[in-house]
Amino acid sequence: MLRTLIAILVLLSIGTAIQADDAPQPTSASAAKEFAALVEEFEQGEPARALAGKSLALAKKHPKDPVAVDALVWIAINVRRGDELSQAMSVLTKNHIKNIKLLPICQKLVRRPALASEKFLRQALEKSPHKSVQAEACFHLADYLKRQIVLMQSLKDPSDRKRLEQYYGREYTQHVVSLTEDEISKDIEQLYKRIAKSFAEVPTRDGTMGQKANLELFAIHHLFVGRIAPDIKGEDIDGKRLKLSDYRGKVVVLDFWGHW
Amino acid sequence: MYPHERSLVKRLANKPFALLGVNSDEDRQQLKTVMEQENITWRSWWNGGSTDGPISTKWQIGSWPTILVLDTKGIIRHIDTGGADVDIEVIEEVVDSLLKELAEKS
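Protein chains in written order, with our numbering: chain A, 769 to 1028; chain B, 32 to 137.
Extracted from the complex, chain B is given alone in its bound form (with noise of 0.2 Å):
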């Protein structure tokens, strides 16, 4: 997941979008590690040390990653929630078109 990732952040960096995450692991000075070694520069929200932690428990998230994607007035507007087979493919062109979307209106 986190080259493409890292290839998602770099192409738009200059564009009005954000990758944004929910982190259920339990240690976070080792995470912390792991961010560094894999240069993973986007910010993610802590959820308590845990998969049952208090953001993915109301999100109802049952399988991990669970991707989302939303559009400029934050609604939902793609859900993948594939575990090890989201289909990163797809959501960027969610994205993709969301963004060309955006353009054209300006």
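So here's chain A without its partners, still in its complex pose (with noise of 0.2 Å):
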């Protein structure tokens, strides 16, 4: 009986997503009007953080209009952190996580750290229909998490920690540390050849995300204290060839610069 009426609830939460998402009711235009205001507000010079609270209030007025979307996902691109954030991006989470709309926000929640961002990016990339948001997300969480190694390493520190636990939240330092360097690190090389093999051909402002993730897993494998340094063959600047491998045997300093 309890099972009949969870698969119920589930059903009814599903088909409320669908209603959401695949058949949204035609934008009232008077919360259009109230979007249209805010934006314009925003250009107008007001901080986004003083507007979260406005545009979390619309999206909650109308959760059923598309402008809802906007205005939730607004919040996600112009406003850092605070309450607003978490808040919206729970709600697009929950609510319209197969919306294509959400396209944007993935990149910009690598600088959000919250667990709202990380559900959110997981979420996208699981639950998404469209390939672009799965491979944005699946790229993004990897960046996202490779910024939260910095974090950890940056919270052993005593007077480092209480700052950044005052900037982000006790809840999210705690999470933090509660964690190993090493299964993140796992973590983020599996993303990566996710994306090599599931979205690869999708393209990205510079390449392919196949071509940026494989770029991210040479890293990985070949650039840290500890591995061999891949090989460089090429020329110098007189047109001799030059040879990195040549100069085992010796102690070398490798100076990557310009004159500038």
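Don't take each hint at face value.
Keeping only pairs whose Cα atoms sit at most 16 Å apart, straight-line, the calculated EDC-like set for lysine to aspartate or glutamate is [stated by the list, open to error]:
1. A:LYS1018 with B:ASP127
2. A:LYS829 with A:GLU852
3. A:LYS1018 with B:GLU123
4. A:LYS862 with A:GLU894
5. B:LYS46 with B:GLU123
6. B:LYS104 with A:ASP1014
7. A:LYS914 with A:GLU957
8. A:LYS980 with B:ASP83
9. B:LYS41 with B:GLU123
10. A:LYS965 with A:GLU894
11. A:LYS914 with A:GLU949
12. B:LYS46 with B:GLU124
13. A:LYS801 with A:ASP838
14. A:LYS869 with A:ASP838
15. B:LYS63 with A:ASP1006
16. B:LYS89 with A:ASP999
17. B:LYS89 with A:ASP974
18. A:LYS961 with A:ASP999
19. A:LYS914 with A:ASP955
20. A:LYS887 with A:GLU939
21. A:LYS828 with A:ASP838
22. A:LYS899 with A:GLU969
23. A:LYS1018 with B:GLU135
24. A:LYS876 with A:GLU886
25. A:LYS866 with A:GLU894
26. B:LYS63 with A:ASP1004
27. B:LYS46 with B:GLU135
28. A:LYS1018 with A:GLU1003
29. A:LYS954 with A:ASP911
30. B:LYS63 with A:GLU1003
31. B:LYS104 with B:GLU132
32. B:LYS104 with A:GLU939
33. A:LYS1018 with B:GLU132
Sample of chain B residues at the chain A side, in silico, Cβ under 8 Å [as the list claims (entries may be wrong)]:
34. LEU50
35. ASN54
36. LEU130
Interface residues of chain B toward chain A, partial, derived using beta-carbon atoms under 10 Å [what the hints assert, rightly or not]:
37. LEU39
38. LYS46
39. VAL125
No lab work stands behind these hints: they were computed from the structure.
Even glycine gets a Cβ: it sits at the ideal position worked out from N, Cα and C.
From these two lone chains plus the hints, build me the complex, please.
Here's what the structure looks like:
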């Protein structure tokens, strides 16, 4: 009996999700007007943080209107942190994860460390029907996790930790210190491998997703302290052949430089 | 950077040590003049005239300079991606300790 009930509830919630995204009701003129006014205020110089509450309220007032997604996406793109951002992320994750409009958020969340950001990226990767969104979510989740490792290292310093706790909130910093660098690194590698396997053809501004993921995998496998440096074969400034592996037996300082 | 590098090259002239560069300037002729003026005697690969050249792209270099120290087996022992903030003293320490390791072994 309980199981049937749960099944019905699950069906119902799927039903509303489909309704919210696949068969949106026409935008109500007043909601659209309210949102346009908010964007206008922002463009006139009102800080995003000050408008976040208004945007969230708008989305809550018209939950089934397409403007709700616009208002929530606007928060995710323009507001750096805070409770409104977390709330916007959870509503997007829960009700609109299949929406194509989520595409530009993925990259932004790399710099919005919060439990809600990570959850969103993971759900978008698994549940979005759009390959472009899945690929973006996958790539930027890996990037997000790379930054999490840096944060984890900073949290080891007690004085930094206090400051970071204040900035990111205790819940998030405690989550980060409960992880191990090894686990996260493996996770990152798996995400890039998944891109190379499943989303390789998805185009980006600089090359395909597959090319970008393979560069990252190359770095993971070779460009770390303790790894053998990849060989460099090419020509020097005068056009003479120059090969890094010819310098085995010597200690080498390798300087990537430019005169500027 | 150049004075530090010049003194490093001079100090370790008789040791199993080499300084090598990967240069991302745009103009090769102009670079040759600069290298003469600045007395840059060590060799550099030509990165194709761009910071997006083939070597720096493959090595995922995002800040200039980025400096690595490799031991005699070619293993990366130190990476400094600090750009203008590279810590040359730490780099020298790593080099010196690797050379000391080597001297003790032989």
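Here is what the structure says about each hint:
Using a Cα cut-off of 16 Å, the hinted pair A:LYS1018 and B:ASP127 holds, with the two alpha carbons roughly 12 Å apart. Our distance criterion of 16 Å between C-alpha atoms is met by A:LYS829 and A:GLU852, whose separation comes to about 15 Å. For the hint linking A:LYS1018 to B:GLU123, the alpha-carbon distance of about 15 Å falls within 16 Å, and the restraint holds. Our distance criterion of 16 Å between C-alpha atoms is met by A:LYS862 and A:GLU894, whose separation comes to about 13 Å.
Distance check on the hinted pair: B:LYS46 and B:GLU123 sit about 14 Å apart at the alpha-carbon level, within 16 Å; holds. A hinted pair counts as satisfied when its Cα atoms are at most 16 Å apart, and B:LYS104 with A:ASP1014 qualifies at roughly 11 Å. A threshold of 16 Å between alpha carbons decides the hint, and for A:LYS914 with A:GLU957 the separation of about 10 Å falls inside it, so the pair holds. Taking the CA atoms of A:LYS980 and B:ASP83, the gap is about 14 Å. The hint holds against a cut of 16 Å.
With a C-alpha separation of about 13 Å, the suggested pairing of B:LYS41 with B:GLU123 holds against the 16 Å cut-off. With a CA separation close to 15 Å, the supplied pair A:LYS965 and A:GLU894 stays within the 16 Å bound. For the suggested pair A:LYS914 and A:GLU949, the alpha carbons sit about 10 Å apart, so the restraint of at most 16 Å is met. With a CA separation close to 15 Å, the supplied pair B:LYS46 and B:GLU124 stays within the 16 Å bound.
Pair hint A:LYS801 plus A:ASP838 holds up; C-alpha atoms about 12 Å apart against a cutoff of 16 Å. A C-alpha spacing of about 8 Å is found between A:LYS869 and A:ASP838, which places the hinted pair at or below 16 Å, so the restraint holds. For the proposed pair B:LYS63 and A:ASP1006, the alpha carbon gap of about 8 Å is at most 16 Å, so the pair holds. The suggested pairing of B:LYS89 with A:ASP999 holds, with an alpha-carbon distance near 11 Å, which does not exceed 16 Å.
Proximity of B:LYS89 to A:ASP974 is assessed by CA-CA distance (about 14 Å); at most 16 Å being required, the pair is judged to hold. As the CA atoms of A:LYS961 and A:ASP999 are separated by approximately 23 Å, the hinted pair breaks the 16 Å bound. Our distance criterion of 16 Å between C-alpha atoms is met by A:LYS914 and A:ASP955, whose separation comes to about 10 Å. Among the hinted pairs, A:LYS887 with A:GLU939 is consistent with the structure: their alpha-carbon atoms are about 14 Å apart, no more than 16 Å.
For the hint pairing A:LYS828 with A:ASP838, the CA-to-CA distance comes to about 12 Å; that is within 16 Å, so the pair holds. For the hint linking A:LYS899 to A:GLU969, the alpha-carbon distance of about 10 Å falls within 16 Å, and the restraint holds. For the hint pairing A:LYS1018 with B:GLU135, the CA-to-CA distance comes to about 15 Å; that is within 16 Å, so the pair holds. Of the supplied pair hints, the one linking A:LYS876 and A:GLU886 holds, its CA atoms being roughly 12 Å apart against a limit of 16 Å.
At most 16 Å may separate the alpha-carbon atoms for a hinted pair to count; A:LYS866 and A:GLU894 meet this at roughly 10 Å. Of the supplied pair hints, the one linking B:LYS63 and A:ASP1004 holds, its CA atoms being roughly 11 Å apart against a limit of 16 Å. For a cut-off of 16 Å, the pair hint linking B:LYS46 to B:GLU135 stands: about 14 Å separates their Cα positions. Straight-line distance between C-alpha atoms of A:LYS1018 and A:GLU1003 comes to about 20 Å, which puts the hinted pair past the 16 Å bound.
With a C-alpha separation of about 13 Å, the suggested pairing of A:LYS954 with A:ASP911 holds against the 16 Å cut-off. The straight-line distance between the Cα atoms of B:LYS63 and A:GLU1003 is roughly 14 Å, inside the 16 Å bound, and the hint therefore holds. Taking the CA atoms of B:LYS104 and B:GLU132, the gap is near 13 Å; set against the 16 Å cutoff, the hint holds. Between B:LYS104 and A:GLU939 the CA atoms are separated by roughly 45 Å; this puts the pair beyond 16 Å, and the hint is violated.
Proposed proximity of A:LYS1018 and B:GLU132 is supported: the alpha carbons are some 12 Å apart, at most 16 Å. About 5 Å separates the beta-carbon of B:LEU50 from the nearest beta-carbon of chain A, less than 8 Å, and the hint is met. For the restraint placing B:ASN54 at the interface with chain A, the shortest Cβ-Cβ distance is roughly 6 Å, inside the 8 Å limit, so the hint holds. For B:LEU130, the shortest C-beta to C-beta distance to chain A is roughly 6 Å, which falls under 8 Å, so the interface hint holds.
Of the supplied interface hints, the one on B:LEU39 holds, with its beta-carbon coming within about 7 Å of a beta-carbon of chain A, less than 10 Å. A cut of 10 Å between beta carbons decides the hint on B:LYS46: the least distance to chain A is about 8 Å, and the hint holds. Against a cut-off of 10 Å between C-beta atoms, the interface hint on B:VAL125 holds, since the closest Cβ of chain A lies about 9 Å away.
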